[in-house]
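Student: In case you want the letters, here they are:
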Amino acid sequence: MSIAPAITLAERVAPRPGTQLELYREDGPLVRLVGVALGRRIPVRPLVLAVIGAAGLFAAIAVEGDGASDGVVAAAVAWFVLWAGLSAGRPHTDEFAWALPGVLRIGEYGALIWIGAIVGESGSAAAFALIAALAFRHYDLVYRSRIQGTPPAAWLDVATGGWDARMPLAVALLALGAVPEAFFAIAAVLGLVLVADSVRSWARHTAAPVSVYEDEEDEGD
Amino acid sequence: MATELQRPPQRKPPIQLSGNITTAVLVATAPGDEGGPAAALPWEGGNLLDRALGLMAELGLRDVHVITRPQYEDALRASAEAAGAALRVCADPSRDLAEVAELAAGASGGFVVLHADVIVQRGALEGLLANPGIASGVLGAGQGGGGGMYALRGRLARGRLVSASSAYHSVSQPRMTFLGVLKVAARDIGELAEAAEELSRLMEGGPPPEWRRELDNRVEGWRMSLGRTALKAERRSARDALQADGRERGELPALEPNEYARRRRELARELPGPEESDLRLRVTALEQDIVSLLLVGLVRSKVHLGNTFVRGFFWTRALTRAATEQAAVTIHKHDEERVKLKSAVKGADGFFTTFFVSTWSRYVSRWLGRRGVSPNHVTIFALCLGLAAATAFATGERTGYVVGAVLVYFSFVFDCVDGQVARYTRRYSKFGAYLDSVFDRTKEYAAFAGLAIGASSSEVWIMAAAMLTLQTFRHFFDFSFGATDRQAIAETPQPSIAQAPDEALGRLRMKSRGTLEPKLGALEHREATAAEVREAAEDEEDNASREPKPPRPKSLSKRILGFWRVLDRVPGLIWLKKMAAFPIGERFAVICITAALFSPRVTFITLLAWGSFALLYTTTGRTLRTLAKWRSLPG
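Chains as they are written, first to last, in my numbering: chain A, 1 to 221; chain B, 1 to 635.
Some hints could be false.
[Stated by the list, open to error] Taking CB as the label site, the calculated pair distances span:
no., chain 1, residue 1, chain 2, residue 2, range
1, B, Arg371, A, Ala62, 40 to 48 Å
2, B, Thr619, A, Arg40, 37 to 45 Å
3, A, Ala175, B, Ser456, 48 to 56 Å
4, B, Glu491, A, Arg40, 16 to 24 Å
5, A, Ala62, B, Ser456, 53 to 61 Å
6, B, Thr492, A, Ala59, 20 to 28 Å
7, A, Ala62, B, Pro495, 48 to 56 Å
8, B, Leu616, A, Ala75, 51 to 59 Å
[What the hints assert, rightly or not] A few chain A residues that face chain B, going by a derived Cβ cut-off under 10 Å, partial list only:
no., residue
9, Tyr24
10, Val44
11, Ser69
12, Trp79
13, Gly102
14, Ile131
15, Phe184
16, Ser198
Quick caveat, the hints were computed from the structure, so don't treat them as lab data. From the three backbone atoms N, C-alpha and C, an ideal C-beta is built for every residue, glycine too.
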């Protein structure tokens, strides 16, 4: 019940984007509030911004590897979050905008793998678990909006924080030395919450009168 | 109850129709060759209308309306009454459309509108009416898909109908054939009423002059191509006569271009008897065809219309007694059960799925389907197998890897079976589609986790997570590319219903330049627009004096894509192209083989290498397509 006001606030202040593509970005409140406002002023294609962010992050991963210091990790992740966050500012209408959600996925998952690798074997396993839970979130976003016709509940956007909040959080956990345990715990909680929301939505949906979904081609097999 | 189904036909449970379809409108206004309506042509002791009404009853449709003309009323009344259908007698197409508008305006459910004289197997109708993936849509065939001469063309983009033709509307770059069965879901019924009303108004007192010209020009095109055929026949018999005289071959002098054109036009004016009456029948059938008019109306009102292909099922529109009798023989060559099973296998599967799974999985599907096993139970069973495989992998023992590999294979087989059972038994559901998609990912990623646990090394965990990332990354490229494509298609403006051609004529004119002779030949294979026919006829006059223009230079990306498509004709190469994209079957095959024979390390190295190549390959293709602005076109 303590999250109830936050839900309405989030929905009022940071409304969900209109297009499917922008929904697939899975931005959190931070980007929807700050990134959009700042990014609007930058006259550059959104994809270019996101690629600048990813290039910096992956350059750091390639150079520093699993010996990177916490400071380097923090700087590289901040760089990515900054640029990729700004990419939310302009409408995703240009012809290469379809590459954006993929770039955000690879940035987040890549950073998590890096953090896990720095910690060691248990860290890598924990990163895998966390990425698997996040993958459920991301696929669910697509499958439910496409098949059911309604994307997952809006409060999940706030509760899961978006990639923009999760990435700095992961860095903080690394700095605190909490990585394998905290990653496993977050993965477990996220998994439970996400599966519960999906089950709930289908229970509600199958009780509703039969409607139809738009047939898709065999993409995503 | 389930065992009752072992002897299948006749007592099948009624299927669940999607789109809340409650009403059938049968259009019985096309003339047959014997003076009466085509719907009254004899069929197995009754007539074609009896057959169509029987199908509607089998599909569970109770609210059935038959639209016909005053002069056909007597021929059809008995059939309609026997089936409890309402006969709606209308004087002309404008009244037909007004009738449909009225029915739709007062309707609470969805409609299926079809020609009463279409001869089609039930399975094909079920494929359209029961699939929840198609709210509103049509029964279609491929471009050369045996639509015959009474079927009209349309164009699809990402499975959505973006242009359709009628007697008075032309379609550019057609890529499919509309088979005269239109499904309109309850949610789109308001648009149907509006479109029918507008069409009725436009058709009042006969079609508008622009429409009339469109049809006249098209008929002229058919006439010219029939003239060409007649001229060829004439030349052939002249040559045969020469040869019969014992002279040398090739003696027959070639015709001067002008003489050729003159003779061809002459023959086109006075076609041989059967050709002339076929042409007449074709034109009158077109003039009565309100089903395709309604389809054009819906497409141009931006209603989302899907498409299901008739595939192996029998379909024809036979407006003559002879053709009906022919159909009565041919239809029995299409074993409906077998076609149904065959079409339960998805069309566009990859190499491994097609040759190592689908070859036998359909029989498992049939067995399960006949025993009433639900597709969702199969999906869950497949997940259990997948999780068991992951557990076996996690042991880290050689036996575990081998057992896991076998389980992974069967888990993938049942993953194919669930969809096949759903299609075979027509038990589609949205929840099933979701469950299938989510569990596919779960199984694959659980196998990664199992292998990584089995190997228990930091490096393998990193590779497993990297593969998960790569796969998600690729999927999001797919999803997003599809989403933008669909949005672009949805936002493309449609011309008004009153406009005959479906787009600006400039582009078409461009295409009709070039060498002349193949031009009219090509026109007979598709709907020629007024402009094309006119231009072709004009070109013909001064053909001898004009040099063919060089084709317009194409952009590099278009040329690469064109070449890439041509490669599809090389036998076997299409499979290689499919494998290059690393589809799900190939991914499971890699897990299966490398885990059983080698080690998790090898599995992940193979997956990552092949996956990266596939990423590069598909992204290059998409970038080219984006550059060429071909994205709105299928393929």
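Student: Hint compliance check: list the failing hint numbers for this structure, sorted ascending.
Tutor: 1, 2, 3, 5, 6, 8, 10, 11, 12 and 15
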